[in-house]
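A.B. asks: What follows is each chain in one-letter form.
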Amino acid sequence: MEDKLKKMVQLHQQEIDTLQAPEFLWERIAADLDKQQNKAATPIRRLWTKPMLRAAAVALLMIVATLLIRQQWENTASQQAFWSRYPELQEAEARFRPMIIAKVRRLEQIGDKALTDALLQDLALLEQDYETLAKDLRDNADNRQIVKAMVENYRSRLQLLERILQEIEKKQNHEKADVQL
Amino acid sequence: MKKLMCNCKWVLMICWGLLLKTAFATPPYTDTKEVRVSKKLTFDFKAQPDLTARLQFKYTHIILTSWAKDSVKVEAEITANGSNLTEANKILERVTLQYDHTPQNLNMRLDIAQEQALAKKGENNSFSNIMSGLVQSFSGSNHISSSSSINIDQNNLKVVLKIRLPQTSFPTIDNRYGNTELIGNFTNKVTAGLFYGDFKAERLHAAQLDLSYGEVFIRQLVKGTVMLRQGSLKLERVGELSLISNSTTVEIDSVANLLLDARNDDITLKKTGKLNGKAHFTQLAVQQLSIETNLETQFGSLQFVRLLPSLSTLDIMARSTDVRLEQLLPDTRYDLVVRPEKWQAPERLLRQERQPFEAAKGHVRIVWTEGNPKRSIAIENREGSVLMK
Amino acid sequence: MSALEPITADIHRYLIERCLENDRKAQFQIYKLYADAMYNVCCRMLKNEADAQDVLQEAFVDAFTKLHTFRFDAPFGSWLKRIVINRCVNALKKRKLLTIHVEEKKLAHLPDDEPADMHEDEIEWEISKVRRCMDKLPEGARIVCNLYLFEGYDHAEIAEILNITEATSKAQYSKARKRLREMLMQEKTTLWKIN
Numbered sequence: 001m002e003d004k005l006k007k008m009v010q011l012h013q014q015e016i017d018t019l020q021a022p023e024f025l026w027e028r029i030a031a032d033l034d035k036q037q038n039k040a041a042t043p044i045r046r047l048w049t050k051p052m053l054r055a056a057a058v059a060l061l062m063i064v065a066t067l068l069i070r071q072q073w074e075n076t077a078s079q080q081a082f083w084s085r086y087p088e089l090q091e092a093e094a095r096f097r098p099m100i101i102a103k104v105r106r107l108e109q110i111g112d113k114a115l116t117d118a119l120l121q122d123l124a125l126l127e128q129d130y131e132t133l134a135k136d137l138r139d140n141a142d143n144r145q146i147v148k149a150m151v152e153n154y155r156s157r158l159q160l161l162e163r164i165l166q167e168i169e170k171k172q173n174h175e176k177a178d179v180q181l
Numbered sequence: 001m002k003k004l005m006c007n008c009k010w011v012l013m014i015c016w017g018l019l020l021k022t023a024f025a026t027p028p029y030t031d032t033k034e035v036r037v038s039k040k041l042t043f044d045f046k047a048q049p050d051l052t053a054r055l056q057f058k059y060t061h062i063i064l065t066s067w068a069k070d071s072v073k074v075e076a077e078i079t080a081n082g083s084n085l086t087e088a089n090k091i092l093e094r095v096t097l098q099y100d101h102t103p104q105n106l107n108m109r110l111d112i113a114q115e116q117a118l119a120k121k122g123e124n125n126s127f128s129n130i131m132s133g134l135v136q137s138f139s140g141s142n143h144i145s146s147s148s149s150i151n152i153d154q155n156n157l158k159v160v161l162k163i164r165l166p167q168t169s170f171p172t173i174d175n176r177y178g179n180t181e182l183i184g185n186f187t188n189k190v191t192a193g194l195f196y197g198d199f200k201a202e203r204l205h206a207a208q209l210d211l212s213y214g215e216v217f218i219r220q221l222v223k224g225t226v227m228l229r230q231g232s233l234k235l236e237r238v239g240e241l242s243l244i245s246n247s248t249t250v251e252i253d254s255v256a257n258l259l260l261d262a263r264n265d266d267i268t269l270k271k272t273g274k275l276n277g278k279a280h281f282t283q284l285a286v287q288q289l290s291i292e293t294n295l296e297t298q299f300g301s302l303q304f305v306r307l308l309p310s311l312s313t314l315d316i317m318a319r320s321t322d323v324r325l326e327q328l329l330p331d332t333r334y335d336l337v338v339r340p341e342k343w344q345a346p347e348r349l350l351r352q353e354r355q356p357f358e359a360a361k362g363h364v365r366i367v368w369t370e371g372n373p374k375r376s377i378a379i380e381n382r383e384g385s386v387l388m389k
Numbered sequence: 001m002s003a004l005e006p007i008t009a010d011i012h013r014y015l016i017e018r019c020l021e022n023d024r025k026a027q028f029q030i031y032k033l034y035a036d037a038m039y040n041v042c043c044r045m046l047k048n049e050a051d052a053q054d055v056l057q058e059a060f061v062d063a064f065t066k067l068h069t070f071r072f073d074a075p076f077g078s079w080l081k082r083i084v085i086n087r088c089v090n091a092l093k094k095r096k097l098l099t100i101h102v103e104e105k106k107l108a109h110l111p112d113d114e115p116a117d118m119h120e121d122e123i124e125w126e127i128s129k130v131r132r133c134m135d136k137l138p139e140g141a142r143i144v145c146n147l148y149l150f151e152g153y154d155h156a157e158i159a160e161i162l163n164i165t166e167a168t169s170k171a172q173y174s175k176a177r178k179r180l181r182e183m184l185m186q187e188k189t190t191l192w193k194i195n
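The listed protein sequences derive, respectively, from chains A, B and C. Going by the numbering used here, 127 is the number at position 127 of the first sequence; the sequence numbering is gapless. Going by the numbering used here, 185 is the number at position 185 of the second sequence; the sequence numbering is gapless. Going by the numbering used here, 97 is the number at position 97 of the third sequence; the sequence numbering is gapless.
Note that these hints are calculated values from the structure, not bench results. Fair warning: this is a prediction, and the values are worked out from it, not measured in the lab. No false leads were slipped in.
Here are the simulated lysine-lysine pairs, DSS-like style, with alpha carbons at most 25 Å apart:
hint, chain 1, residue 1, chain 2, residue 2
1, C, 66, A, 35
2, B, 158, A, 148
3, B, 189, B, 69
4, C, 129, A, 7
5, B, 162, B, 40
6, A, 171, A, 113
7, B, 274, B, 389
8, B, 189, A, 6
9, A, 103, C, 32
10, A, 170, B, 342
11, A, 7, C, 178
12, A, 4, C, 136
13, B, 40, B, 158
14, C, 47, A, 6
15, B, 200, B, 69
16, C, 32, A, 113
17, B, 46, A, 4
18, C, 94, C, 66
19, A, 170, B, 361
20, C, 25, A, 113
21, A, 113, B, 361
22, C, 32, A, 35
23, B, 223, B, 270
Pulled from the structure, derived: some chain C residues nowhere near chain A, Cβ distances all over 12 Å:
hint, residue
24, 79
25, 156
26, 166
Chain A side only, calculated, beta carbon under 7 Å to chain C, not exhaustive:
hint, residue
27, 6
28, 8
29, 9
30, 12
31, 15
32, 16
33, 17
34, 19
35, 20
36, 21
37, 26
38, 28
39, 29
40, 32
Backbone N, C-alpha and C fix where the C-beta goes; we use that ideal spot for every residue, glycine too.
Taking the hints into account, I'd like the entire structure generated from these sequences.
C.D. replies: In structure tokens form, the structure reads like this:
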């Protein structure tokens, strides 16, 4: 039996979710996090802050993680078999991901905060689309159109970043040129 | 168990007196390379004029037609193509269409099961009717080969759903990888969430649409909210519209009141009454503006080709945007903030007195009036260019 | 309905990965994405903005500190929300406001699926009224009702969150629902009288 009350609440919840977290809260959270980090920092820990070591450690962690994930996948042979059916997805991920991450970093350097946040939201939406596609690929019908859309999704993310970066850089160059004049 | 009993009672009640028909059709030939198998479902029932129709579909071409009757008529056809009968049936088997209805509600849902796990029937769902595979019997061959794997896509599975609904009904549509069409006049709210599929509608009075990766065409929309991502939108006549768009191409022939939240779009507005909101990284062209606009822009471009004398306010807060005002109106108070080297205008305007603008270095403020001011045009464009003709 | 909801989407994996490196900027981005929604959750649970702020602060610190336990198999939002809810429940327990176990015995015998009210059609549920009346419910019923209606958990999940049985959760909910209906009906009659 459907619960009319629950249905109504689900439908209208957004109307009453109007409170906003107060501005100062983040500062309190950040302060707490700082405190915790300082507490946790032992001499050994401090090594981590050296960039090279940190990078190496992250790389190592990633390798370990990848291996672990691989292993997990191998455990569920069907899943592995499933993904291995789509080498183009693996290729797309390998090709686009590093470029996307590099562009995001670049954006953070040259764009302002609000802008970067907005762009990250857009990227998150695209990523969400990707998840939807992946879910449909797994659950329903395994088809080429979806796989194509997934590859396209990676490309869209990159294109979005490229377009925005290009525009910002173009305008900023103009500004520099103007200043020099 | 108790729940089931309860459900059954409900089902009996609502199904009482309704016409329910399921027909299976196969083509007479099976020796050609392509074999086509299809299932048809048709039913109709008396409905309340304000019935809600909830449709959750995939890979389906949905056609909703409004009519002036207080009844609903449903026709669904699922067609599968395969290289042989077994294969076609196997595809068909993975498709489940569930539905139930009362005079107030029509619920329909299409699922596609994974090859290994065929649709679970009756479990975990509140639907009273299920039309699913298990149709292979007509040929007598019942065995399913499990060796070959078949990919379901638009080429080998076609689902067409045609529903006639009272024009005052409330359709709520979810469709992925399929096109959706609304024919006729829908006078109550239409809700749709579409993903990878086109949307076409003739006349909607109220709409809440969430559309991505598709082409949208609406002939007339009285009032609505449209969220559009990664697609295109063409609207002919619009009353009040809240448009939230992202990476899209939009063209509107006529809109009375538009609230815009655009990012990374290409938007062309022909006849525009009111235009408010924001546009970031967007190429926005307004062919004609008649009442007012309050816009915040970042990057991108903004162009006004024609301003009508009925205009009362034009207020632009821009950052790094290329602003073009192709026509200057008489009887207006102008207030402009711009970098002087990025301002292009007729000579007489360039001679106007300039004040330094405190809030942004290198910018100046120019205020002047023409004639007997009836309206105001204010543009603040930091780091962007302004062209006035 | 798919994406008509606000974007509490699984933000970029990339952001989370950077949070793991204690990148304050990424943490702030995550915070901003979820703070308002979670603040509303806290306020509903605790009925008090000051408490809600404290709990939300704890919850975010908690979440960032144990982010390494987050697996990407579930949406980040629901993972975070669960932390927030648990923190709220703890805070309520500390204040000894949450005493579901007392009522548990009395209610546990109610049938699993109490038939919905026969006069269901007469009542028009309205979100703001439901929200207001919910705060007047006895604490146990209020929390179950809130978790079920507003936070979208099912009875099995509620049972786990509150450490009660599923039957109790169901019973508490049906009790709450009945009481809400009465309150709304009463409000309606009062209005009639005034008119």
